[in-house]
Amino acid sequence: MSAVIEENHHDDHHHGPAKGIMRWVYTTNHKDIGTLYLWLSFAMFLLGGAFALVIRAELFQPGLQIVEPEFFNQLITLHGLIMVFGAVMPAFVGLANWLVPMMIGAPDMALPRMNNYSFWILPFAFAMLSSTLFMEGGAPNFGWTFYAPLSTDFGPPSTTYFIFAVHLMGISSIMGSINIIVTILNLRAPGMTLMQMPLFVWTWLITAYLLIAVMPVLAGVVTMMLMDIHFGTAFFNAGGGGDPVLFQHIFWFFGHPEVYIMILPAFGVVSAIIPTFARKRLFGYSSMVYATASIAFLSFIVWAHHMFTVNMPLAGMLYFMYATMLIAIPTGVKVFNWVATMWQGSMTFETPMLFAIAFVVLFTIGGLSGLMLAIAPADFQYHDTYFVVAHFHYVLVPGSVFSIMAAVYYWLPKWTGNMYDETLGKTHFWLSFVGINILFFPQHFVGLAGMPRRIPDYALQFADYNMVSTVGAFLFGFSQIFFLFIVIKTIRGGKKATSRVWEGAHGLEWTIPSPAPYHTFTTPPKDLTEAHG
Amino acid sequence: MDRAKQSKWLVALSLLMSTSLVSADWSALNMRQGVTEISRQVYDLHMMVLWVCVVIGIIVFSIMIYSMLVHRKSLGAVPATFHHSTTVEIIWTVLPIVILIAMAIPATTTLSAMYDAGEADIDIEVRGLQWKWQYTYLNDDPAKEVKFISSLLTPKDEIYNRAPKREHYLLDVDNELVIPINKKIRFLITSSDVIHSWWMPDFAVKKDAIPGFIHESWAIVETPGTYRGKCAELCGKDHGFMPIVVRAVEQAEYDDWLVAKQQAAADVFAIVGKEWSHEELMVEGEKVYTQACAVCHQSNGQGLPPAFPTLVGGAITIGPMEGHIDIVVNGKAGTAMQAFGAQLNAAQLAAVITYERNAWGNDKGDSVQPKEIHAMLGGQ
Chain A
1 MSAVIEENHH DDHHHGPAKG IMRWVYTTNH KDIGTLYLWL SFAMFLLGGA FALVIRAELF
61 QPGLQIVEPE FFNQLITLHG LIMVFGAVMP AFVGLANWLV PMMIGAPDMA LPRMNNYSFW
121 ILPFAFAMLS STLFMEGGAP NFGWTFYAPL STDFGPPSTT YFIFAVHLMG ISSIMGSINI
181 IVTILNLRAP GMTLMQMPLF VWTWLITAYL LIAVMPVLAG VVTMMLMDIH FGTAFFNAGG
241 GGDPVLFQHI FWFFGHPEVY IMILPAFGVV SAIIPTFARK RLFGYSSMVY ATASIAFLSF
301 IVWAHHMFTV NMPLAGMLYF MYATMLIAIP TGVKVFNWVA TMWQGSMTFE TPMLFAIAFV
361 VLFTIGGLSG LMLAIAPADF QYHDTYFVVA HFHYVLVPGS VFSIMAAVYY WLPKWTGNMY
421 DETLGKTHFW LSFVGINILF FPQHFVGLAG MPRRIPDYAL QFADYNMVST VGAFLFGFSQ
481 IFFLFIVIKT IRGGKKATSR VWEGAHGLEW TIPSPAPYHT FTTPPKDLTE AHG
Chain B
1 MDRAKQSKWL VALSLLMSTS LVSADWSALN MRQGVTEISR QVYDLHMMVL WVCVVIGIIV
61 FSIMIYSMLV HRKSLGAVPA TFHHSTTVEI IWTVLPIVIL IAMAIPATTT LSAMYDAGEA
121 DIDIEVRGLQ WKWQYTYLND DPAKEVKFIS SLLTPKDEIY NRAPKREHYL LDVDNELVIP
181 INKKIRFLIT SSDVIHSWWM PDFAVKKDAI PGFIHESWAI VETPGTYRGK CAELCGKDHG
241 FMPIVVRAVE QAEYDDWLVA KQQAAADVFA IVGKEWSHEE LMVEGEKVYT QACAVCHQSN
301 GQGLPPAFPT LVGGAITIGP MEGHIDIVVN GKAGTAMQAF GAQLNAAQLA AVITYERNAW
361 GNDKGDSVQP KEIHAMLGGQ
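Here the protein sequences come in this chain order: A and B. FYI, in our numbering the residues of the first sequence are 1 to 533. FYI, in our numbering the residues of the second sequence are 1 to 380.
A few of these clues could be false.
[To be verified] Simulated pairs of lysine-lysine, DSSO-like, Cα-Cα distance not exceeding 27 angstroms: (1) K19/A x K489/A; (2) K73/B x K496/A; (3) K73/B x K495/A; (4) K73/B x K144/B; (5) K73/B x K426/A; (6) K147/B x K274/B; (7) K147/B x K183/B; (8) K183/B x K261/B; (9) K371/B x K274/B.
Think of the hints as simulated: they come from the structure by calculation, not from any bench. Given the structure is predicted, the values throughout are model-derived calculations rather than measurements.
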């Protein structure tokens, strides 16, 4: 990042960043903190990805070759936790830090010191979580959903560290969301109404409310676990008058909004990129806002569709099935709006556009398999199989992760002042696109044919597809090292970016120079015609 | 965009996918139709929703692809200026609602049928244990109750690639669940430790086995045959190694099987009553140990500390006999050590306890008789 600092320096009319490592420790600058979040996210993405590759290597062939079942269970647990809390969520918070103030014409986040705390909690949280791997009894081994009583009475001693790590992540997320909400509601440039905000700002506003609503629920459920483990309560132990299913209700009351927390900002990113490269305004802006709000509302009332097999009464099953099916409506509206935005545009296909289009296609596939999973009677056959694994990886990897990559390519010239190498970017896209589909598409089939998830070894009938899947995993995984190379290369140099960067780009962030000066919009922008394209 | 490069990648992708399709067994591609009325309804529902999704996908993606091919700057396309239409927004909100209702109706019908449990011909308690299943054929006369453990038969050598894997790798059990065809079988599903899930794809039955609760599910199997399933909920170390095998047979064959099982239970009763020599207990004990204990404590008794402690020179195994019997019979709360009192008969318990005290260099030299254990268990 040193190149950025030096280049930024002469643009800075007030005071520049401090020197050395302490710049990053003490920083209250939204751009610095955004950068920190993004690098942490990428490091966690590689760590969680390394776990995934060990998992896929073990599943390359039937039989146990590389890891023992106990360690396999630790890998799947840490893979899930690190990807959800360490890779995807911090990446979006990083994007919010960088972009929200620049998009609404604000000088910084509203609560800069709290911003610093929110970030710096996270490295400690993930250090604590990862350290469980080296503890006696091993890391948590009960899956990222940590169902009781496997995680309470039967959990390893390191479960307590896991609980405190989750608490830290929750505190960080809540502080981050408060900051984002306050920034958006109070620091918009004078004259900018809510319905003039870019969609990325809208989606983050709604996401931040979701976070504030459900992170305390997660904190509650892990605290109840802590009490069950150490203080003799029996919230989740039927032998003491508790109920293991209660755990699942609380967990998924957090967990379902959580999955939308990981996709709503992605909708915002894609809604910024597609109009730029189609050179045409986003179709149905207000319906996009309402659809996002509807999805957020629905996310609170559908949680038990993750629990169709726990023996709910028929009325409960029907309710959760119908409510879940409703999500298809606002989600469909979004997809149709993106397609309508492309329609009769004047498209070019730079790397961000390629990732955004792949997002729309592959997220739609994940959404359609989600609709299948909503059908409760059929879900008895899908539940806890690789069909579910394929479904949520389609929405999370070519969904959320592709949108993050699209965002990085799209805004990297603004952040660094340099254009990335288009050929390398497109190569990265195609390697990722092909890799991800080889990786996850066959998992639909093995799941339908009966392969349960979270198993280290499987029956012979699933051998072919698992082998294909593993090949795709390594292709996708190693392509991300290439991504790292492209980003570093761009930071170090490259063709100078204009302030507009993209011919069709609209939004306040494109009215400031590239790279963005250390302090921007110290006086609010007067001309808001740019605000949302 | 470089279209030539793009099509090259697509060709490579389709080649890769098609080679795997050729080599794969087609049955490994889709949900099983199964052998019950319900499972066929579920299959039809699945196919209906799948095709609806495929058609929607094809329509949406075709429009996108057409747009990407035609509305591109390199072809001189000029962007249109429209950005809103209330009419189309209403159309693509209402149309999905209609499609969803069309899906919800048959789904509701099937779900209601599944939940209509009612009186059954045979009630079987299905109990999940780390990592095996226990089946109990409930009977008003306790003497006629048949109860047995069903666990993985695949040897370690196959799992660790020291021996070739046979056809039903990981899908074979020592004791199959046997049921008659065309009878309503009710499964009463529960667990003794963590949550498991009893999944039989051919019956479209998947129900979580939750400690402290009994959940019911049912099936009327129409075709004789052997059906295989798996535990579907992560339940710890050997979650991947607790298969389910159900053999559906004609009523007459079922009756014979049941009588034989009931006779075997009576035989055990006789075995428990006789005086066993130390050597007999050791021989039987090793068998029981291999089947019930070695998965955690390992065949050399060394265990996998700290989760599964060693039995070699352990405080329990060379301590007082009472403590040893207590932990084997009642398990240890809060650990993976199960209560084997409900899983093994008195002779097996006596044999395995004797074996543990005298194997791998443990040399207590003492033994316990099956009838002593039987008396401690309350003489059931």
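Structure-based check of all given hints:
Taken as a hint, the K19/A and K489/A pair is honoured in the structure, with Cα atoms around 22 angstroms apart against an allowance of 27 angstroms. Of the supplied pair hints, the one linking K73/B and K496/A holds, its CA atoms being roughly 23 angstroms apart against a limit of 27 angstroms. Between K73/B and K495/A, the direct Cα distance comes to roughly 23 angstroms. Compliance with the 27 angstroms bound is thereby established for this hinted pair. Restraint check for K73/B and K144/B: the C-alpha separation of about 81 angstroms exceeds 27 angstroms, so the hint is violated.
Annotation: proposed proximity of K73/B to K426/A holds, straight-line Cα distance about 18 angstroms (limit 27 angstroms). About 22 angstroms separates the Cα atoms of K147/B and K274/B, which keeps this hinted pair within 27 angstroms; it holds. Restraint check: the Cα-Cα separation between K147/B and K183/B comes to about 20 angstroms, which is no more than 27 angstroms; the hinted pair holds. For the hint pairing K183/B with K261/B, the CA-to-CA distance comes to about 19 angstroms; that is within 27 angstroms, so the pair holds.
Of the supplied pair hints, the one linking K371/B and K274/B holds, its CA atoms being roughly 8 angstroms apart against a limit of 27 angstroms.
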